[in-house]
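Peer 1: Kindly generate the complete structure, drawing on both the sequences and the hints.
Chains as they are written, first to last, in this note's numbering: chain L, 1 to 247; chain G, 1 to 357; chain B, 1 to 294.
Keep in mind that the hints were calculated from the coordinates and are not lab data. Glycine residues also receive a C-beta, built at the ideal position from the N, C-alpha and C atoms. Keep in mind that a hint or two might mislead.
Now the in silico label distances, taken between C-beta atoms and shown as ranges [unchecked claim]:
hint, chain 1, residue 1, chain 2, residue 2, range
1, B, Ile243, G, Ser352, 47 to 55 Å
2, B, Lys238, G, Glu339, 28 to 36 Å
3, B, Lys161, L, Asn183, 53 to 61 Å
4, B, Asn88, L, His34, 24 to 32 Å
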Amino acid sequence: MSRFELFSPEGLRVDGRRYNELRAFDCSINTHPHSSDGSAYISQGNTKVLCLIRGPSDTLTTTSGATASSADEPTISVSIIQPPYATTERKSTSRTDRRMAELSIIIKRALQQCIVKKNYSRTLIEVSITILQLDGSLLPACINAATLALIDAGISMYDYISACNVALYDTFPLVDSNSLEENDLSFLTIGIIGNGDKINLLLMEDKVPLDKLQKLIDLGITGCHNIRQLMDNVVREIGIDLLSKKL
Amino acid sequence: MSIISITTPVSKNSEIENFSKDDEDESMYDDAIDGVLKKPEKKYIGIDNRSIVTPGELITEDATWMRGHGTYYLDEHTYSSVAGMISKVNKLLSVTPFKGRYRPETGDHIVGRVIGISNKRWKVELGAEHAGVLMLGAVNLPGGVLRRKSDNDELQMRAILKEGDLLNCEVQSTFSDGSASLHTRSLKYGKLRNGMFLKVNSSLIVRTKNHMHDLPGGVSIILGVNGYCWIFKTKNNVENKINAATGKAESEMKAASSSKGYSVGMGSLSITRLEEESSWEIYSDKNDIISANIKETISRYRSCLVALSFCEIAIDVKRLVKAYEISLGYGDVNSLVSEDIKKSIGEDLINSEKMRG
Amino acid sequence: MVLSVAESAFIYDSLVSSHPSRPDSRKPTQYRPLKANCGFLPNSNGSSRIYNPDGTECISSVKAKVIRSNNISDLINVEINIFGEKDNTTLCQHLTTLIKESLNDSFDFNALKLTDKYYFQLYIDISILYLPEDFRYSSYTFYSILSLISMGVYLALKSAKLPLLVSDKKDFEVEEEPTFSDDWEVSSYLIPRDSISTFQPALVFIVGIAGNTVIIDPSLEEEHVLEHGVCVTWSNSKITTPIQSLALSTSNNKAIKPNLVIKSMDLVEQVAGDVINALNTISEQEIDEFDVVF
Chain L
1 MSRFELFSPE GLRVDGRRYN ELRAFDCSIN THPHSSDGSA YISQGNTKVL CLIRGPSDTL
61 TTTSGATASS ADEPTISVSI IQPPYATTER KSTSRTDRRM AELSIIIKRA LQQCIVKKNY
121 SRTLIEVSIT ILQLDGSLLP ACINAATLAL IDAGISMYDY ISACNVALYD TFPLVDSNSL
181 EENDLSFLTI GIIGNGDKIN LLLMEDKVPL DKLQKLIDLG ITGCHNIRQL MDNVVREIGI
241 DLLSKKL
Chain G
1 MSIISITTPV SKNSEIENFS KDDEDESMYD DAIDGVLKKP EKKYIGIDNR SIVTPGELIT
61 EDATWMRGHG TYYLDEHTYS SVAGMISKVN KLLSVTPFKG RYRPETGDHI VGRVIGISNK
121 RWKVELGAEH AGVLMLGAVN LPGGVLRRKS DNDELQMRAI LKEGDLLNCE VQSTFSDGSA
181 SLHTRSLKYG KLRNGMFLKV NSSLIVRTKN HMHDLPGGVS IILGVNGYCW IFKTKNNVEN
241 KINAATGKAE SEMKAASSSK GYSVGMGSLS ITRLEEESSW EIYSDKNDII SANIKETISR
301 YRSCLVALSF CEIAIDVKRL VKAYEISLGY GDVNSLVSED IKKSIGEDLI NSEKMRG
Chain B
1 MVLSVAESAF IYDSLVSSHP SRPDSRKPTQ YRPLKANCGF LPNSNGSSRI YNPDGTECIS
61 SVKAKVIRSN NISDLINVEI NIFGEKDNTT LCQHLTTLIK ESLNDSFDFN ALKLTDKYYF
121 QLYIDISILY LPEDFRYSSY TFYSILSLIS MGVYLALKSA KLPLLVSDKK DFEVEEEPTF
181 SDDWEVSSYL IPRDSISTFQ PALVFIVGIA GNTVIIDPSL EEEHVLEHGV CVTWSNSKIT
241 TPIQSLALST SNNKAIKPNL VIKSMDLVEQ VAGDVINALN TISEQEIDEF DVVF
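Peer 2: Pasting the structure below:
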């Protein structure tokens, strides 16, 4: 794919979106009621992620050996599994993969900011994320799924944390990038708590001209707000559904 | 009846997903993006009981409310921290999450499982965020309550209760972090035998005055507030016990003659009765002889509980008995395994309740 | 999960009595209601998701790759990833070997033959998304999930589709790689659905033994009190190898009487037909691309 085709002069991207359009966003919560305290499934375009949460509990031990150790805040343990079938070309990712370990630390830090800590002293919250299918925007999908799973688990948090990727094509920022775009363009990940404009998570690993950064961040924040709204709609709908069933 | 049933899962939220799909289509248009963003800014003057809020949503700007669980306070505004329903009790404002672990409250009658023994206490798993604590001093020691505790008792704690044992107990008090201190200092509490255990969602158990019930068919049940249930063979001398506890020696004599037996302490005052009951026997691991009939009744009640929890119907003893009666119409116990039958038991139950009004 | 002494005695006594009754009131031959669907991973040739009411869940994927080989034994590759287990533990390896062996014995490799020189190589990846928490730190040995994994693999293989070959089948003289049609509409099933050339991939059954009772699909509570377990393989309408004794839990482990092994095999013979039928029905249900699986 030549670089030129990623964004046509008419303003269309490889998959026919405009610069500020998200991919088809779909999510559901409470997908695994028997196997977790909270669970969520999210699909952003062809990226599909499943998140299960166990805890908060003080008797839980994770496989990595983490236990509820901290006296005044919850211990959060995040593990990401990418099965070999997640990518088009089969690829085995070992459990000790550096990139996954890095991502899980980033997710853990992001979640720590939005959980109301004082309610969960001496407990462990285990977040396990499975990537069913990968097509760009991995970190945002993981964070959005984790947020929904936390809400499903009934864990107190200040607000939703939503995230999205923005790629830069020449002078145009492109929101919610897919893997084709991420392969060839610089991109960054932005995470926002609630509807504010303060950035809680920023990950930029590629070179970006400094004067374009503001544009990227602005579009990223709008994207996050949209995602938050979409997630909130689903949570609310499920709530209304539950309410109507309560006897 | 089929040996195996494999079905495709039905997405519970299929309608909801359609809804979100419509929504996301809208967001495809440039102009719509601002529309999605504009949150309806409501002034929540009269906060509606049972209205739904999600994390980060402003509940009230009125600072006079007391803030309970599920809320947080920022710049004189009260926000929700969970997705759930607003509940107001006097001036206390809290949000009850749709889902979540059991939160112990003083006086709750619960069932728990011992998971550890340490320094004069047992750790008891309750399905809550924190394991409960049962102090050595909070159980009836063998040989009566009036006996002093000795170092010996501390050494043989494992002979009283060990890992895996199920307990019927009450929450004595709760700590600031939400963990519970338990006690079994009553004859109706203690170690569980002669039955089967079942876990259901704690939110399904209706809090009532009494959580231990005798059911038709010679079976009793403890519906723990934490969702842990124990179905067991009714004790023969249950009658006696209640009387003993209330100190009515006379009626007890009557019961004794009817059950054709007399044991030491029977007919005397309650205190001696307690001593007798508190012998090592109450910590025995051995089941009584249970007839096949009773066993079948136990598993039928268990299947009915499973069916109720499968249909997410709030569980109380009346409904359980009703479900049991309905289930008899479906024939053999093992036909109750099928999901269709569980569903139709739930539907029948709801319908019969509607009929009665 | 540790059961109390009284609890396990109650379950054990019910199982070994002359009219065995199981804690969840199933018949000895009865399975728990399962949920499954296939073909939901667009990146794979075939896929399946299957789970138990207790939450144990298995996702399987089959991916095909074209290789130039004549060594039939390495055409099927199996990789199992269990949540909470490290890669390549002895357990994973053991399960992998069992599944691979059972498939190698039952597979019709003609289905994988492309041309004179080229074959399809299958990669079967299995992830166990969840094991009940009680499972993780106790006397359980995990072997009972073998039955679920095996059903998952069966469904994934059944739903697997391969693209249509457009180049010549006889390429022994030609130096050119096989080419395929881009159109998935003309793809064919890996396991043919017509009655002549079809075959059944192996299914592994787990049978629990307590006293003189043999039960299929033991639940967690049952496994705790079982004296032993046996895995029996079924393929192409008969019992085949591997047959193995597997301790399902270490808490009440005892040796098995020979007649019980035979009894377990009889039990499998009784249920296998129904299981295969139920699985086939599921694998024939085409799922819509936009169906939400989760």
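Peer 1: Now look at each hint and say whether the structure bears it out.
Peer 2: We went through each hint and held it up to the structure:
Checking the proposed 47 to 55 Å range against Ile243 (chain B) and Ser352 (chain G) shows it holds: the Cβ atoms sit about 50 Å from each other. Separated by about 31 Å at the C-beta atoms, Lys238 (chain B) and Glu339 (chain G) satisfy the suggested range of 28 to 36 Å. For Lys161 (chain B) and Asn183 (chain L), the hinted distance range of 53 to 61 Å is not satisfied, since their beta carbons lie about 28 Å from each other. Checked against the hint of 24 to 32 Å, the C-beta distance between Asn88 (chain B) and His34 (chain L) comes to roughly 28 Å, which is consistent with it.
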